Amino acid sequence: MTMQGSEFRAARKRLGWTQARMAAELDMSPTFIGLMERGERPIERRTALAVRALEIDPGSHLGEP
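Mapped onto the working numbering, the consecutive letters of the sequence shown carry residue numbers -19 to 45.
One thing to keep in mind: the hints can contain errors.
As the list claims (entries may be wrong) - Below, computed lysine to aspartate or glutamate pairings styled on DMTMM-like, alpha-carbon distance capped at 20 Å: (1) Lys(-7) <-> Glu35; (2) Lys(-7) <-> Asp7; (3) Lys(-7) <-> Glu20; (4) Lys(-7) <-> Glu17; (5) Lys(-7) <-> Glu5.
It is worth saying that the hints were derived from the structure and are not from the lab.
Nothing here was measured: the structure is a model prediction, and the numbers come from that model.
Using the sequences and the accompanying hints, generate a full structural model.
Structure, rendered in structure tokens:
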């Protein structure tokens, strides 16, 4: 499964999350989230799968802010 930066950003926005929230949920830095969204870093398969899973069941994440 591949995911483009624009798809990654769209998924985050559908969840209603900031880059900081997405970073916390995926255990990444907000800077790295921005790099992936801009296409400056590749989105690993496991990250794409995690994002797809969150979109299916946004209540499945572990941390509530």
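Verification of the hints:
1. Lys(-7) <-> Glu35: Status holds; Cα separation ~10 Å.
2. Lys(-7) <-> Asp7: 18 Å, holds
3. Lys(-7) <-> Glu20: With a Cα-Cα distance of about 19 Å, the restraint between Lys(-7) and Glu20 holds, given a limit of 20 Å.
4. Lys(-7) <-> Glu17: 11 Å, holds
5. Lys(-7) <-> Glu5: 14 Å, holds
This entry satisfies every hint, going by the numbered hints stated previously.
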